[in-house]
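Asker: Letter by letter, the chains look like this.
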Amino acid sequence: MAAAQAVEEMRSRVVLGEFGVRNVHTTDFPGNYSGYDDAWDQDRFEKNFRVDVVHMDENSLEFDMVGIDAAIANAFRRILLAEVPTMAVEKVLVYNNTSIVQDEILAHRLGLIPIHADPRLFEYRNQGDEEGTEIDTLQFRLQVRCTRNPHAAKDSSDPNELYVNHKVYTRHMTWVPLGNQADLFPEGIIRPVHDDILIAQLRPGQEIDLLMHCVKGIGKDHAKFSPVATASYRLLPDITLLEPVEGEAAEELRRCFSPGVIEVQEVQGKKVARVANPRLDTFSREIFRNEKLKKVVRLARVRDHYIFSVESTGVLPPDVLVSEAIKVLMGKCRRFLDELDAVQMD
Amino acid sequence: MSGLKTSMTEGERKTALEMVQAAGTDRHCVTFVLHEEDHTLGNSLRYMIMKNPEVEFCGYTTTHPSESKINLRIQTRGALPAVELFQRGLNELMNVCQHVLDTFEASVKDYKDQKASRNESAF
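Chains as they are written, first to last, in the numbering used here: chain A, 3 to 348; chain B, 112 to 234.
Calculated from the structure, these hints are not laboratory results. Here the structure is a predicted model, which is why all the values come from computation and not from measurement. Idealized CB from N, CA, C, for every residue including glycine. Among these hints, one or two may not hold up.
Claimed, not checked - Interface residues of chain A toward chain B, partial, derived using beta-carbon atoms under 7 Å:
id, residue
1, Q44
2, E48
3, A73
Please take these sequences and the hints and turn them into a complete structure.
Answerer: Structure representation (structure tokens):
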């Protein structure tokens with residue numbers, strides 16, 4: 003009985019001990035455990051798999067993926083960070099830059115600005131193609147000149163009063179449609195995601211006049227192409243009390259975890275601790291600093307329950323990003339399947 | 112280690128798949144070299160292939176951090192050619208992705224519908 007429980011724990015939980023983490027790797031491959039059939043079964047997978055969306059708004063998404071292995075969940079996370087394409091400024095043609103910000107620093111900053119354009123409507127630029135066509139390039143113009151404000155007070159020292167256009171924001175970027183782009187994209191769709199990003203500061207007499215070309219790229223090439231602010235996952239915490247905890251110890255136990263995890267209830271006059279919501283815990287391991295209570299608690303994580311958190315930079319909604327990431331992984335598989343077919347035809 | 116090398120790299124194609132076999136073995140142990148790939152596909156493909164009871168050994172490594180390719184080695188228990196297992200692993204991974212995509216989109220749609228009906232009932 004205890005052996006069966008221990009095997010179950012080894013298969014389904016990652017245990018956080020005081021000095022190390024146990025059962026980290028996936029071991030449920032065919033032949034490892036006698037009495038278990040671990041061969042891949044698509045129907046069994048489909049029966050056990052579920053996705054629950056916990057919270058979604060226009061820029062962030064939190065959802066649970068249950069019943070999948072770490073290898074595949076991690077593949078989705080890696081693809082979200084580095085292989086979902088977006089549009090970003092790649093080439094900056096500087097006609098005039100008399101500001102104090104160097105050309106290359108300015109170009110670097112412009113590259114990092116998120117551009118609100120659906121990358122699925124564009125294609126990658128061919129290698130060696132310098133000019134760029136309407137199907138793979140977006141053009142923006144940035145033209146700002148700073149002048150002295152003739153109506154400022156004589157003794158003012160506030161730059162907002164003294165100078166006109168002394169701060170260059172992304173709202174000064176204007177879209178220059180190429181070819182038939184003006185027909186394809188209605189007014190106001192192609193723009194930087196935020197219009198209040200400060201690009202540079204100027205003083206009277208300084209001017210910035212440049213043309214930017216945006217291309218489609220992936221985060222693997224340069225981090226400016228990454229569509230997520232970040233995408234991460236954590237495993238669902240699993241806290242078990244090995245013995246009943248009562249009285250003052252219950253209060254101590256409650257203080258060792260994040261608020262809301264442990265609930266102390268009055269049962270027949272005594273205070274009894276109960277694990278209410280382990281999902282909220284951040285595993286500070288404060289419990290291991292308490293000599294009495296550390297033997298009473300088993301900290302673990304459920305091996306196949308992933309709590310994903312995806313925050314988009316605004317280019318695409320986060321649920322679209324996750325769908326695109328899954329399609330990228332399918333595309334990779336399909337590419338190698340096609341290669342194999344091509345070989346076998348010969 | 113010389114051996115049979117089937118390469119489909121053409122001049123302009125950026126990605127390729129090579130199969131390397133040691134001399135003297137038959138087709139049940141093969142090392143696949145996947146170009147322009149890393150742990151993203153390597154680990155997930157290794158997991159799917161390992162789930163097959165016919166596989167005696169499956170592992171992958173990145174050759175060097177400066178090179179973007181992985182070596183994926185498959186050894187089969189019986190007489191099945193390793194290429195067939197590789198193909199099966201890819202197909203199964205695709206089916207997993209398809210199912211995950213369908214489930215995820217259904218779940219997102221449910222969430223949006225629920226939110227919409229909650230907003231309506233609030234008025």
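Asker: So which of the earlier hints does this model not fit?
Answerer: none
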